[in-house]
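Chemist: Sequence:
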Amino acid sequence: MELNIIYKIKQNKKHYDFLRTHSYWYKYLNRNSNNYEKFIQEYKKYSREVTTNKVNDTINNIDMVTNIIKVL
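Under the working numbering, think of the first position of the sequence shown as 173, with each following residue one higher.
Honestly, the hints are just simulated from the structure, not real lab data. Predicted model, so just to flag it, every value in this text is computed and none were measured. Careful: at least some of the hints might be erroneous.
Said to hold, decoys possible - Calculated pairs, DSS-like style, for lysine-lysine (alpha carbon to alpha carbon, straight line, at most 30 Å):
1) Lys210 with Lys185
2) Lys182 with Lys199
3) Lys226 with Lys180
4) Lys180 with Lys210
5) Lys217 with Lys182
6) Lys217 with Lys186
7) Lys242 with Lys216
8) Lys199 with Lys217
9) Lys217 with Lys242
10) Lys185 with Lys217
11) Lys216 with Lys182
12) Lys182 with Lys226
13) Lys210 with Lys242
Let the sequences and hints guide you as you build the complete structure.
Modeler: This is how it looks when you write it as structure tokens:
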């Protein structure tokens, strides 16, 4: 992997964490440095999904609590 890509990834902790948890990206980034843009796009997509899942989980928890309160 090129040094400038390593530097860019390590500058952003979220990108670095994403790379560590999705290690298959090491292979793509080593093969072609142009895959960095795809990496960033994939990170953004993953980040949106995680945020959406958190919001949905929170809504489900609130709904569950309101149902419990209704029963009581």
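Chemist: Does the structure keep Lys216 and Lys182 at a Cα separation of 30 Å or less?
Modeler: Answer holds: Lys216 to Lys182 is near 16 Å, not above 30 Å.
Chemist: Against the 30 Å threshold, does the CA-CA distance of Lys217 and Lys242 hold or violate the hint?
Modeler: With Cα atoms ~38 Å apart, Lys217 and Lys242 exceed 30 Å; violated.
Chemist: Lys242 and Lys216: Cα distance at most 30 Å?
Modeler: violated, 39 Å
Chemist: Run the distance test for Lys180 versus Lys210: straight-line Cα separation, threshold 30 Å.
Modeler: Distance ~14 Å between Lys180 and Lys210 Cα, so the pair holds.
Chemist: Decide if the proposed pair is consistent with the structure: Lys217 and Lys186, CA atoms, cutoff 30 Å inclusive.
Modeler: holds, 13 Å
Chemist: With a cut-off of 30 Å on the C-alpha distance, tell me whether Lys217 and Lys182 pass.
Modeler: holds, 19 Å
Chemist: Does the alpha-carbon distance linking Lys210 and Lys242 stay inside the 30 Å limit?
Modeler: It is violated: about 48 Å lies between the C-alpha atoms, which goes past 30 Å.
Chemist: Hinted pair, alpha-carbon criterion (30 Å max): Lys199, Lys217. Please report holds or violated.
Modeler: holds, 19 Å
Chemist: For a C-alpha distance cap of 30 Å, please report whether Lys210 and Lys185 respect it.
Modeler: holds, 18 Å
Chemist: Sort out whether Lys180 lies within 30 Å of Lys226, counting only the CA atoms.
Modeler: Distance ~27 Å between Lys226 and Lys180 Cα, so the pair holds.
Chemist: CA of Lys182 to CA of Lys226, is that 30 Å or under?
Modeler: Given that 30 Å is the threshold and the Cα spacing comes to 26 Å, the pair holds.
Chemist: Just to be careful, I want the Cα atoms of Lys185 and Lys217 compared with a cutoff of 30 Å; is the pair within it?
Modeler: Holds, at roughly 17 Å.
Consistency with the previously given hints fails for numbers 7, 9 and 13, ordered from lowest to highest.
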